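Got chain A; can you put chains B and C with the ligands on it based on the hints?
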Amino acid sequence: MELPLFRHNRPNRVVTFDEYREEGGFEALKKAFSGMSPNDVQQAVMDSGLRGRGGAGFSTGRKWSFVPRDLPGPRWLICNCDEMEPGTYKDRVLLEHNPYSLIEGMTLACYALGVRHAFIFIRKGYEKAAANLARGIEEAKKAGLLGEHILGSEHSIDLDLHLSAGRYICGEETALINALEGKRPNPRSKPPFPAVKGLWQGPTVVNNVETLANVPAIVANGAPWFKGLALNPEGAGSKLFCVSGSVKNRACVELPIGTTLGDIIDGACGGMRDGRKFKACIPGGASTQFLKPEHWTLPMDYETVAKAGSRLGSGGVIVFDEGHCLVEATLNLITFFARESCGWCTPCREGLPYVKEILTRIENGRGEEDDITILREHVKYLNYTFCALAPGAMAPLDGLLRDFEDEVREHITKKKCPFKG
Amino acid sequence: MIPETLKTSLKARVASALTPREAAVDVMKELQAHYGWLTDEAVEEAAALLGLSPLQVEELATFYEMIYRRPVGKKVIHVCDSISCWCADCDKIIQHLKDKLGVGLGGTTADGMFTLIPCCCMGMCGDSPAMSVGGVPYGKLTPELVDEILEMERNNR
Amino acid sequence: MPKLIIDDIPVEVAPGTSVLEAARSVGITIPHFCYHPALAIAAACRLCAVKLLDGPVKGIQMSCALPAQDGMVVSTTDPEALKMRSLVIEWLMLNHPHDCPVCDEGGECLLQDFTIAGGHSHRRYQGKKRTFQNQYLGEGIQHEMNRCIECYRCARFYQDYAGGTDFGVMGSAGRVYFGRFQEGPLESPFSGNLVDICPTGVFTDKTGRFRARYWDYQFAPSICQHCSVGCNTSPQNFQRETIKIVGRRNDQVNGWFICDRARFDKGYLNDPQRPREPRLDGATCGDDVAVDAAAKSIAEFVRKNGADSLALVGSPRLSLEGMVLLAQLARAAGGARLCYFGDPAQQQGSVAAARLLREENSAYVRDIEQAQWIALHALDLIEEAPMLALSVRKAFLAGAQIFLVDGDPIPARNTPPFKYTAVESLDQVPFEKGGKGVIICGAGKKDPDLLAQIASCGAKLVMLQPGANGFAAGLLAQEHAASPLADLVAARQVRGVVCFEADVPEGLLSGLEVLASADWRRGPVEAKSPIFIPTTTWVESDGTAINYEGRAQRFQRSRLAGLPLKGLDPKYYGNATEAVTLHPPRVHREEVPGGAERDAWQVMAQLIARLGGEPVVEPLEGKWSALRSLDPEGEGIRIFEIVAGE
Ligand SMILES: Cc1cc2nc3c(=O)[nH]c(=O)nc-3n(C[C@H](O)[C@H](O)[C@H](O)COP(=O)(O)O)c2cc1C
Ligand code: SF4
Ligand code: SF4
Ligand code: SF4
Ligand code: FES
Ligand code: FES
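Residue numbers (our numbering), protein chains in the order written: chain A, 5 to 425; chain B, 686 to 842; chain C, 340 to 985.
Keep in mind the hints are simulated off the structure, nothing from the lab. Computed from a prediction, not measured in an experiment: that's the story for all the values here. Check the hints yourself; a few may be wrong.
Taking lysine-lysine and the BS3-like style, the derived pairs with C-alpha atoms no more than 27 Å apart in a straight line are [claimed, not checked]: (1) C:390 - A:194; (2) A:194 - C:422; (3) B:692 - A:187; (4) C:342 - A:194; (5) A:132 - B:760; (6) C:467 - A:420.
Chain A with its partners taken away, still in its complex shape (with noise of 0.2 Å):
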């Protein structure tokens, strides 16, 4: 069955608007307008079990279903196109080849939910996805399928860029909230979430590049054919999985939800890279826990990678070989993280890079025996942080701990890193 997401994809070039309209591009709007009500596209999209591509996994048609029907005052719909995930890049690839399947799934979204105007919230460095996009919505418009009065409607919808300037934190929806309205992107307190008070205290849903870029699919072919393009049971769709690290070819990848780990990196990605032994990964982007070789077999699916104690996430997977210290790509990420705390709450802030100094001690052979009590400190607590970045950014540490804890000790016992001469 051919998948949704890549399908109008061009090698090298991104594709055109004719060429997506003779794909079969911007039917699900026709469709939609023509003979469904909000409520039959906000149905399909429940009934498809899409679940959001963003990184926490919550199912897209709950999120819309939480919206409060009959409030007054304007509501909005933001793209979360943040993507500031270390080993994420999904969404780039997406939308540097298609922005226009987003498009067409933002006006479908705006349909179903009674939302006037949007946002898509772009990342620095995504310059060419945010072009391709601002091309995309003009000839969008031209063509009727946007702005005023869509396909000769009464519906009128209109799709705004903001351009951010780099953080991690703007990704959390409620610091992007804030980041858009123009106030520092600290997260706000949930609840009230954003589906009920959000952007300018309207009721507002956040979804992810890759979530709403499926709308199109499963309003044009229904739910079962969606829910069916998955291979396990559980799962729904396809997925976007972008692979870096000790693979030998890094790409982004669209396949069914389900496949498994071994047939990503050796098939999709052509096996690990010069001869090297697969150790470990991260599966979801840099707030996952690890997968070891146990897992090659495991179907990437949210609930399965769920019961194997690590997270689907955005799909970033990171491949680690034999030769990689995990303490040391656990102390990276939480480098990343330290310096991207938006500074709000005190475990965060000030436990990250007690965190970094633990670990940099263990690397440099300067560890003792207390630090792997103060980290495991760390993991539980953290837990209780203003938003989810500590939480996420002590998984990885979570799983060095309980997975590689030997290597570790080593560091600690030896008095160096072992992977060092």
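Using the frame of chain A, we list chains B and C with the ligands on its own:
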């Protein structure tokens, strides 16, 4: 002082926003592009355009990674030091950049051409190690490629 | 009403109460930094962690951000909660300079208290401490950023609560910095509250640093005397010197905060030039000598010229006690005239306001905060009643419309922390009957007819009085049909005056004989007065003041009268060598140097006795006796019933 044309276009940008604050990041970026970095004067100009106090602009400016509140070279080199690039031995590339440019992290070359700053994942992990020079992304870096890029960027002002 | 259990104690609280406040209501203090009752919940410091053992929510939760719900079983002592709290302290201490010995906050520092309470005592972190550079923030406040624990209270107060725009938070991650864009004096007229609201020593009162520790201070509940709002304060005194003044909570008046005038404008209290000694014909004399001479002079004057050519002159600076006794003294002097005001315009307005305001129409602070529209009638609010600007701001943030009616343009330095529309007359204020509206105006110098017209609008009223106790002066002037001094002089009805804390302009004085005066400050009256008796200021006296809304509040003596020990004149030392050491004198003396001042009403009471009047035991007699039991730590009481019940 910014030229009238820039001022007019920024005013239009602010006017088209749903609330002036929403345009703050755009305004700061435009002013940064004009001055090379967000000078104190630029902060005050942004404040006047946005109807905020300079402090309120500073609150935003100092939060974002890509707004520079210190002078920088003509082109800023952001070299990624996050995990995928680490797997691709970005440490070697960073060291090479330091040696080649003769500056430490955060430093600006003597000729004022480049400022070297490490940065978070650029979303180029598939092409790691990665960097951007003056906003242009480069991937699959090797020391040789870095030399070529620097040469090209230096000539291509 | 949610019922829950906290540490085995059943608690019932109003809906919406946080678990932290619910615990506080049964005497359990859960450590907290970012939480402040006046500010929105931040849930940033994560210190207030408790564990929920059972009920609708489980596990570790932040008690400040968790509304109490039925069936919750909360433990504040669960090992996991304790561990979390001790880790939060450990995290905050990673970078804290531990400079308590040289930190002016020491002794009144929440961080000290909760570090002890948090149970973290042993440093495990081996990294370096981060440091910051401080900023010059003006003459009021000292900045020491290294002590910051990033609770965001200051920024939330300054910008969100007080509407300031020149101070806030910059940077991210471990680099967050609380300060200004560039060095310079803080612009908000409420900036001094940073001292009170910061739980650590980042902001300390520069005007009183390094003088004493918290436990050295003498303090007592007091009432600010700078304007008629009557904010509650707590002067902190050390060795007869007022070192600092801090805000004191009264939700009916000022909430938690005070303005910068209340806090910093205190030099006059400690002024070594204050008149401290009784004087007779230019020479220092004993207290009794001065009072005797004054009594004699009054009696003689009355005998010679008749009582009605003598005026006893008070002012809104007097306490209610002084104002009441002034009338008794006039009787004892055989029916002398009474003045509570000098300026007729001021008296007219003040009296009119005191007459027009009633329990039903005199606005409570909450009426202002919950108003739908507010009209400022020809008023510079920041000048005349700064703290009310914060109440108006609350209404503004909740959507109220604010109008400046018939006002002069407000000078930039007094820009209020809310937006307003300038209109020409009250008719342009869209006031609907039944809507919640408040009109705020200054009563002093206003035409009574205009005030009556304002009062007939049906809105709640704020009529600001000239002076801290102007309302009482207006009431008493009305009750005793007192005339403004200027009128009496103009009509040539008085020839002599006895003044009590009254400021009479030199122009008025020139044709008058000043028999005697009593005051705590110098001025033309004191200069001209052959007999002078020093009185105490509000920090050194007990008394009652009635604020603009008719609320009587008790202030208490917070220190002894007398010269501050610091800079004490060498004549009070045992010998010259000792004086040079600047150590407090080692000689024992029976009287406090310069401590002859007494409360003005006590001086009046003595004079009444000398003149053969009824001896005064209690200044608050008759209807005012209801105020005798006024609790200085309470919210005060509105006097309308007392006045009406006459
Ligand atoms: C620290 C942090 C960073 C995040 N960054 C991103 C991001 O870059 N892109 C994204 O789509 N979601 C990100 N998320 C998740 C968002 O908060 C939100 O859950 C998501 O955008 C919802 O979209 P979805 O339901 O379609 O996945 C981040 C979350 C956290 C806690
Ligand atoms: S967990 Fe980190 S990023 Fe999230 S609010 Fe706290 S400090 Fe900010
Ligand atoms: S802020 Fe508190 S804990 Fe810190 S140095 Fe001052 S007194 Fe000590
Ligand atoms: S300066 Fe004080 S009030 Fe402000 S964040 Fe720091 S500790 Fe809190
Ligand atoms: S980790 Fe360097 S680009 Fe993603
Ligand atoms: S007091 Fe509750 S988190 Fe700070």
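So, going through the hints one by one against the coordinates:
1. This hinted pair checks out: residue 390 of chain C and residue 194 of chain A have alpha carbons roughly 19 Å apart, not beyond 27 Å.
2. The straight-line distance between the Cα atoms of residue 194 of chain A and residue 422 of chain C is roughly 24 Å, inside the 27 Å bound, and the hint therefore holds.
3. Under the criterion of a C-alpha separation no larger than 27 Å, the hint pairing residue 692 of chain B with residue 187 of chain A is consistent with the structure, at around 22 Å.
4. At roughly 24 Å between alpha-carbon atoms, residue 342 of chain C and residue 194 of chain A fall within 27 Å of each other, so this suggested pair holds.
5. A distance of roughly 19 Å separates the Cα atoms of residue 132 of chain A and residue 760 of chain B; the hinted pair therefore holds under the 27 Å criterion.
6. Our distance criterion of 27 Å between C-alpha atoms is met by residue 467 of chain C and residue 420 of chain A, whose separation comes to about 22 Å.
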